[in-house]
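Here the protein sequences line up with chains A and B, keeping their order. Everything in the first sequence is counted per my numbering, starting at 11 for the first residue and increasing by one. Everything in the second sequence is counted per my numbering, starting at 449 for the first residue and increasing by one.
Just so you know, these hints were derived from the structure itself, not from any lab. Be aware that a few hints might be false.
Unchecked claim - Chain B regions said to be covered by chain A (calculated; three or more residues, Cβ under 8 Å):
no. : stretch
1   : 795-808
2   : 816-824
3   : 828-842
Claimed, not checked - Below, a list of computed lysine-lysine pairs in the DSS-like style, where the Cα atoms sit at most 30 Å apart:
no. : chain 1 : residue 1 : chain 2 : residue 2
4   : A       : K168      : A       : K260
5   : A       : K321      : A       : K78
6   : A       : K368      : B       : K496
7   : A       : K368      : A       : K61
8   : A       : K172      : A       : K61
9   : A       : K113      : A       : K321
10  : B       : K496      : B       : K839
11  : A       : K368      : A       : K113
12  : A       : K61       : B       : K496
13  : A       : K168      : B       : K496
14  : A       : K61       : B       : K843
15  : A       : K210      : B       : K496
16  : B       : K496      : A       : K229
17  : A       : K168      : A       : K229
18  : A       : K113      : A       : K206
19  : A       : K315      : A       : K260
20  : A       : K113      : A       : K318
21  : A       : K206      : A       : K172
22  : A       : K61       : A       : K113
23  : A       : K229      : B       : K843
24  : A       : K206      : B       : K496
25  : A       : K268      : A       : K168
26  : B       : K528      : B       : K538
27  : A       : K206      : A       : K268
Just so you know, even glycine gets a beta-carbon here, dropped at the ideal spot from N, CA and C.
Below are the chains, spelled out letter by letter.
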Amino acid sequence: MSNGDNRPDLLDLDTKQETFLDTTEMVLNMGPQHPSTHGVLRVILKLDGEKVLGTECIIGYLHRGVEKIAENRTYTMFNPYVDRMDYVAAVSNGLGYCEAVEKLLAVEAPPRAQYIRVIMTELCRIASHQVWLGTHALDIGALTPVFYAFRDREEILKIFEKYCGARLTTHAFRIGGCIYETYEGFEQDVKNFCTKFLPKLDEYEELLTTNRIWVGRTKGVGILNAEDCIALGVTGPVLRASGVEWDLRKKQPYECYKNFQFDIPTGVNGDTYDRYLVRIQEMRQAVRILQQAIESIPAGPIMAKVPKIIKPAPGEVYHSIEAPKGELGYYIVSDGSTQPYRVRVRPPSFVNLQSLDKMVRGMLVADVVAVIGTLDIVLGEVDR
Amino acid sequence: MLESIKQYLSSNVTPGEAGSMFWATIYVLLITIGVSVAVLAMTWLERKILAHMQIRLGPMRVGPHGLLQPFADALKLLMKEDVIPEGGDKIVFRLAPVIVMMAAFTVFIVVPFGRTAAATDMNIGILFMLGVSSLSVLGIITGGWASNSHYPLMGALRSGAQMVSYEVAMGLAIVSAVLMTSLATGTGTLSMIGIVESQAAQHTWFVFKMFPLGLIAFAVFAIAMIAETNRAPFDLPEAESELVAGFMTEYSGFRWSLFFLAEYTAMLAVSCIAVTLWLGGWLRPFPTWLSGPAWDLAFSLVPGLTFLGLGAMCFVGTVRMPKILQLRAQTIGLAVFGAILFATGLLLFVPGVRERSQDVFWFIAKVAVFQYFYIWYRATFPRYRFDQLMKVGWKVLLPVSLGVLIVTAIVGVRQELWAALSGVTR
């Protein structure tokens, strides 16, 4: 990866002489310190006035070498590191990793553990979408939704905190099951959250869904059709908003997702507004899953029989789950030792970020911000 | 000396009319201090109201309920390093905030806070206000240019385009209000005091005149004035999520605070225009429905009661303060603040003061409502995009205001003709 200093294709300015005054294109360096690049993303924009002629993403400002660290840690020791990748959806990261290793070991978590995992990841999906909603609205200039979203996210974080002690980098799962049994009153807490959250969701929608300015700012902005999505490898709500009904929870069911009734919300136009609607619907579906799971959670052990020292047979495995942001995949190569030979993460944010240039070419500067928001990227996951 | 003061106070003229340099200086000083205090209060209120709309508390630490926060902010800004970007045009960079500031404050010379409470009454008052307030765009553009940086440049250009395009609709809306002044008397006026007196003479505020023409013109102005002052949802020039801080990005410390002060002053100024033109300026509400000496007396008690109410709120807050040692100073401070408000309220009941403070109170109360709306918009609306903003300005507001102007003129002429004809037949 070059560091972005020698980029002749973008930094060479063409001088146009179409008008009687000389006009030149301008290169605007957005980030890495910028209020709405969601962390330390650096986007070089080539502008003609306010119009975007081209973009280039420079990433790596938050690179921590997570994949390399994995090669020097045992399977169990590496588990908490994955929580630091997508830090607003830490539980999903942990789930993906644990399942990948379980696949490698050919063990399966007991039913109760699976239910706890589903409940935690769906709660986490809602929390992640709430962060997205708040920051996305903030980027487009609506100051208030972020506070509403964070107020309700707090309820989820309280459940996480009671369950495993952490609020942000939630380390809840272990290879072969869960670390902790649920606490006293866990089920009631989740039930309360579900009943309280749906009206709150209406509240967010009241502020935005029919707001003329919001619709004007999001409808027709950053259109990505289904073919482009598939060609770019875009997954998650962004793909579904383009009309592709693809959700790993349904298409390649993992854990106990096949036990639950839920719909895959899809969009039509593949624009920012559809992506907004899809994510809002996803929160509703997540509540639906939560309500079913909490009603039918079985009793039993929470850990499968997993050796103390995890030493998978040589081989490789790829396992992916539907994280809040898209397909989160882990490719693990084992050489038969206690440490993985190679771990490669397929982070949804990283892959989805590719589509930025396609979406904003020909749009205005303000749309770049809207599109970065709608892609729902987390730089911790992009850079790893 | 004392005699002359008494004589002036009992007279019914503005210092400009009286030709008194002494009184004019005092008025200008009063207005400057008053506006500055209003801006300080505005920053505190904005933070508190916005915070409460967003389910948080806002400033709570500096002074009781954060009452001293504006002073702390001002102190912080004064002590900050004053950075001038390298390669920037240093003279223009220094000049820009001064231009914006001067433009924002000069406007207040003609604002009639009451029949006599204006520094002067110009016969082109409203034109003067429009002209001077649009000078601030010069400061913004030069400030953005002199910063020698991309974000400020883009912010400045946005701001320039925005202010120029919204001024057109704003001007046309104002003209339709000015047309209304000529209805009863037959001679229109551009004087701010004249406009309010014309509303008094016609026994209605222009916002209700020729329903719904006045209302539409007022609505156009109310939208355009938000754009004119670069406030949400038209705050593109300083769109923090896109352009960091727009034209102010490179400014820091005191110069930045001048821009900030100017923005709030401009908000007050355009609200003053709106109040004067459409909401009857210093006139009290319901002059015709609730007329008669009894109602006059009742309405004259409102200023005092308002302040008593505010004082009572402070006292309630004092009682509700947690009784712990760390908060003792704050509790006492809040009680003292409440006592000051209470005393002001009582003072406003004193007969001599009561009559003279009336006008100013109603004017400020109406302006305050506008300020509240400004904050409310900011908490509610997302931001327009640049092309949408231009579309709203040129394709919606301009045709509407032009249409209202034409229809107002036609209806007005018809009424005049009707009056003249019926006079002839009689």
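(request) For the pair we were handed, K113 of chain A and K206 of chain A, check the Cα-Cα distance against 30 Å. (result) Measuring from Cα to Cα gives roughly 37 Å; hence the hint is violated.
(message) Between the alpha carbons of K206 of chain A and K172 of chain A, is the straight-line distance 30 Å or under?
(response) holds, 19 Å
(request) Verify the coverage statement for the stretch 828-842 of chain B against chain A, using a C-beta to C-beta distance below 8 Å and requiring 3 or more qualifying residues. (result) Holds, because 9 residues of the stretch 828-842 of chain B bring their Cβ atoms closer than 8 Å to Cβ atoms of chain A.
(message) Does K843 of chain B sit within 30 Å of K61 of chain A, going by the straight-line distance between their CA atoms?
(response) holds, 21 Å
(message) For a C-alpha distance cap of 30 Å, please report whether K496 of chain B and K839 of chain B respect it.
(response) Distance ~33 Å between K496 of chain B and K839 of chain B Cα, so the pair is violated.
(request) For the pair we were handed, K229 of chain A and K843 of chain B, check the Cα-Cα distance against 30 Å. (result) holds, 20 Å
(request) For the pair we were handed, K315 of chain A and K260 of chain A, check the Cα-Cα distance against 30 Å. (result) holds, 28 Å
(message) Check the hint pairing K61 of chain A with K496 of chain B against an upper bound of 30 Å on the C-alpha distance.
(response) violated, 37 Å
(message) Next pair to validate is K368 of chain A with K113 of chain A; report whether the Cα-Cα distance is within 30 Å.
(response) violated, 36 Å
(message) With the threshold set at 30 Å, check whether the alpha-carbon distance from K321 of chain A to K78 of chain A stays at or below it.
(response) With Cα atoms ~19 Å apart, K321 of chain A and K78 of chain A stay inside 30 Å; holds.
(message) Check the hint pairing K268 of chain A with K168 of chain A against an upper bound of 30 Å on the C-alpha distance.
(response) Holds - the C-alpha atoms of K168 of chain A and K268 of chain A are around 28 Å apart, at most 30 Å.
(message) Next pair to validate is K368 of chain A with K496 of chain B; report whether the Cα-Cα distance is within 30 Å.
(response) Violated - the C-alpha atoms of K496 of chain B and K368 of chain A are around 42 Å apart, more than 30 Å.
Hints 1, 2, 6, 8, 10, 11, 12, 16, 17, 18, 22, counting from the list given before, are not met by this structure.
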